[in-house]
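Participant: With the sequences and hints as input, model every part of the structure.
Residues per chain, in single letters:
Number of protein chains: 2
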Amino acid sequence: MWGEEMSVSIIGSGMTKIGRHFSKGFKELAMESLSKAMEKSGVSGNDLDYLIVSTAFPQILMNQSDPARILAQELGLKDLKALRVEYGEASGSAALEVAKSLLEAGRARYVAVVGFEKLTEYPSDKANYAYSTLLDFEYEVVRNITPPSYAAIIMREFMKRRSISKEDIAAWSVNMHEKASTNPFAQLPFKITREKALSGVVISEPLTLYDAFPLGDGAASIILSDEEGLKRASAEPVEVKEITQAVGHPLYLREDLTFFEATSNAWRELSSRTGITIDENTAIQVHDAYSIYGLLALEALGIGEAGKLLTSLDEMPFLNVGGGLKARGHPVGATPLYAVAENYELMTSGFNGLKYDGEYSLVHSMTGPDLSAYLILLKRWK
Amino acid sequence: MWGEEMSVSIIGSGMTKIGRHFSKGFKELAMESLSKAMEKSGVSGNDLDYLIVSTAFPQILMNQSDPARILAQELGLKDLKALRVEYGEASGSAALEVAKSLLEAGRARYVAVVGFEKLTEYPSDKANYAYSTLLDFEYEVVRNITPPSYAAIIMREFMKRRSISKEDIAAWSVNMHEKASTNPFAQLPFKITREKALSGVVISEPLTLYDAFPLGDGAASIILSDEEGLKRASAEPVEVKEITQAVGHPLYLREDLTFFEATSNAWRELSSRTGITIDENTAIQVHDAYSIYGLLALEALGIGEAGKLLTSLDEMPFLNVGGGLKARGHPVGATPLYAVAENYELMTSGFNGLKYDGEYSLVHSMTGPDLSAYLILLKRWK
Numbered sequence: 001m002w003g004e005e006m007s008v009s010i011i012g013s014g015m016t017k018i019g020r021h022f023s024k025g026f027k028e029l030a031m032e033s034l035s036k037a038m039e040k041s042g043v044s045g046n047d048l049d050y051l052i053v054s055t056a057f058p059q060i061l062m063n064q065s066d067p068a069r070i071l072a073q074e075l076g077l078k079d080l081k082a083l084r085v086e087y088g089e090a091s092g093s094a095a096l097e098v099a100k101s102l103l104e105a106g107r108a109r110y111v112a113v114v115g116f117e118k119l120t121e122y123p124s125d126k127a128n129y130a131y132s133t134l135l136d137f138e139y140e141v142v143r144n145i146t147p148p149s150y151a152a153i154i155m156r157e158f159m160k161r162r163s164i165s166k167e168d169i170a171a172w173s174v175n176m177h178e179k180a181s182t183n184p185f186a187q188l189p190f191k192i193t194r195e196k197a198l199s200g201v202v203i204s205e206p207l208t209l210y211d212a213f214p215l216g217d218g219a220a221s222i223i224l225s226d227e228e229g230l231k232r233a234s235a236e237p238v239e240v241k242e243i244t245q246a247v248g249h250p251l252y253l254r255e256d257l258t259f260f261e262a263t264s265n266a267w268r269e270l271s272s273r274t275g276i277t278i279d280e281n282t283a284i285q286v287h288d289a290y291s292i293y294g295l296l297a298l299e300a301l302g303i304g305e306a307g308k309l310l311t312s313l314d315e316m317p318f319l320n321v322g323g324g325l326k327a328r329g330h331p332v333g334a335t336p337l338y339a340v341a342e343n344y345e346l347m348t349s350g351f352n353g354l355k356y357d358g359e360y361s362l363v364h365s366m367t368g369p370d371l372s373a374y375l376i377l378l379k380r381w382k
Numbered sequence: 001m002w003g004e005e006m007s008v009s010i011i012g013s014g015m016t017k018i019g020r021h022f023s024k025g026f027k028e029l030a031m032e033s034l035s036k037a038m039e040k041s042g043v044s045g046n047d048l049d050y051l052i053v054s055t056a057f058p059q060i061l062m063n064q065s066d067p068a069r070i071l072a073q074e075l076g077l078k079d080l081k082a083l084r085v086e087y088g089e090a091s092g093s094a095a096l097e098v099a100k101s102l103l104e105a106g107r108a109r110y111v112a113v114v115g116f117e118k119l120t121e122y123p124s125d126k127a128n129y130a131y132s133t134l135l136d137f138e139y140e141v142v143r144n145i146t147p148p149s150y151a152a153i154i155m156r157e158f159m160k161r162r163s164i165s166k167e168d169i170a171a172w173s174v175n176m177h178e179k180a181s182t183n184p185f186a187q188l189p190f191k192i193t194r195e196k197a198l199s200g201v202v203i204s205e206p207l208t209l210y211d212a213f214p215l216g217d218g219a220a221s222i223i224l225s226d227e228e229g230l231k232r233a234s235a236e237p238v239e240v241k242e243i244t245q246a247v248g249h250p251l252y253l254r255e256d257l258t259f260f261e262a263t264s265n266a267w268r269e270l271s272s273r274t275g276i277t278i279d280e281n282t283a284i285q286v287h288d289a290y291s292i293y294g295l296l297a298l299e300a301l302g303i304g305e306a307g308k309l310l311t312s313l314d315e316m317p318f319l320n321v322g323g324g325l326k327a328r329g330h331p332v333g334a335t336p337l338y339a340v341a342e343n344y345e346l347m348t349s350g351f352n353g354l355k356y357d358g359e360y361s362l363v364h365s366m367t368g369p370d371l372s373a374y375l376i377l378l379k380r381w382k
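Residue numbers (the numbering used here), protein chains in the order written: chain A, 1 to 382; chain B, 1 to 382.
Simulated from the structure, these hints should not be mistaken for lab results.
Keep in mind that a hint or two might mislead.
Because identical chains share one entry, a pair is satisfied inside a single copy or across any pair of copies.
DSS-like cross-link-like pairs, simulated, lysine-lysine; straight-line CA separation at most 30 Å [said to hold, decoys possible]:
| # | residue 1 | residue 2 |
| --- | --- | --- |
| 1 | Lys24 | Lys126 |
| 2 | Lys308 | Lys191 |
| 3 | Lys308 | Lys355 |
| 4 | Lys27 | Lys126 |
Facilitator: As structure tokens, then:
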């Protein structure tokens, strides 16, 4: 087990701008990102063996079950197999793991992973209801607990235990907006000052608007290949070296609300299996649906103390290069694939004005406050 | 590709009775079936590497996204990884394919696949709405097309083209109820006469109540192992020899409404890859959400002409041994896993008073009228 694996590589990626796409349905968004990814990869649609679809809320927000089959029919490709993977906000990472497994098992040569979400089709309260179904409905949601209320509880606990202020935490949002300001796919491509960040309306004290992700539509696609398939691909490959995941405890059963156990466990497994080390200079994407989550994720990955990191975010050029969930945006089913696409481009043709010459890059995703966590390690090709 | 695979085997299965389980939530149903399957397999919960969850409508009918993580937390097993697979009515088959891939890729030793659905929590119109989201919402559902209306169109076309009557087709339902009458897990465990079958209320002319599946809650689980894992398992293994799938055309683009193209393509791939043949004596499960679908599926699998099969159903003892979707029931996300569990038990300890000594058994599943189709080939161990 976990033995001599077949190498699986990314050979193409495509993203759409995140925002309110009233004129585009999920099919158009998904196809737009997939077409870009296929073009970059240099393989044609008929080469694809599987279409793995990642989306979290199509049934609530699009009245659509079985979106994988709908997209396969839309593509009109004979012999294209399909299925959908859902794992809350980590759906895109889970879809990538399924794709990697199909390739490693020799069941495919080229696999497309397509993630999408339409969060603005209905009034925000419906999108917020959909988002709240990520929690345990019978235990949490019926007691009026929602994801932002958990984020607020964790943020308050963090501020108390670590003697850190709202003003300090605002540095995260400022840094993410700075990065998003030059990302052509970002939903909030503008800079903000710390004052602006602090002036946001309160969502759940002490959490304000600028501590939270925006609701937006978007799609991102990744084309994967086994080693044999690389011969025909034209794009520069980046290996999907390893993927790990872990499940954490529900928040109400935790001893320390400021410790992200699942992320920590997924990281321990990843590092013990690969022997790699990471630091402030590594290209890393963390799941910052709320500013505080990004900080605690970095801490669980062993990058440093969250409090100290806040004063040195500008010295981490390869952290959330596209602006993170906070400013690039968070179209849920697509989010981990945006992060993977950004890191892939960063390591090949460049992304957002940057190139990265490190050997490894890391993508972290999770559901809610670390209810489950996924890590994807990308490795420069040979 | 499709090369020398690692062998993957079923080592345990568990089912709950299908029906109205007002006193049990999805967690209780899922756990009940999983506990039975684990007990049979002889492996403990801590041995499990992955929990693959199959369910189609948790978001519409249970307000619950991310059910895989919820169940993993409920199990309370450290290091248990999880994800959910959705592919309409074929979700359970897709989940089994993902599990097989994880094992073949060497990413796991023991994987549990758990399928469940609760279709009776709300009034039937909500369950029927959920079921209709399997069709393309933008094209079909907004034009008031629903799954039973498609079944009725196909049934009418079949009757016209083949000169077969409603009375003839009722033989399917009579045969399925006969089998369900002795299946302890069936939702409709009673025999019916042809007269009774014909007396059902009209759902969509010529389709009546006894041509359609009942709405019910249920859960089924399968434990899978790689070859190394068999050493510790106590149950008799049955190999998951091959899994194939295909996507078909939407109904409004078909030339012949009575030909199931996806099922036929999946079968062609399966038979060419394995060289096996099947006939009336093979243990086969077909997806008969509507009687007519069961007949057309058998025809697409090359078992014989649907019209002639209607007069010889009693000579196919190993066809839908539990009563099929029609009488055993169809808790959507669990359905293909009920079929796999029934065939697994049929090939080992026995099921529904029968034992099967053939080398292979086959499970067919699909979404709607052959919009996508899956085939799972089980093989007696060495």
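Participant: Next step is simple, just say for each hint if it's right about the structure.
Facilitator: Here's how the hints hold up against the structure:
{"no.": "1", "hint": "Lys24 / Lys126", "in the structure": "both (19 Å within a copy, 27 Å between copies)"}
{"no.": "2", "hint": "Lys308 / Lys191", "in the structure": "within (23 Å within a copy, 72 Å between copies)"}
{"no.": "3", "hint": "Lys308 / Lys355", "in the structure": "within (26 Å within a copy, 67 Å between copies)"}
{"no.": "4", "hint": "Lys27 / Lys126", "in the structure": "both (21 Å within a copy, 25 Å between copies)"}
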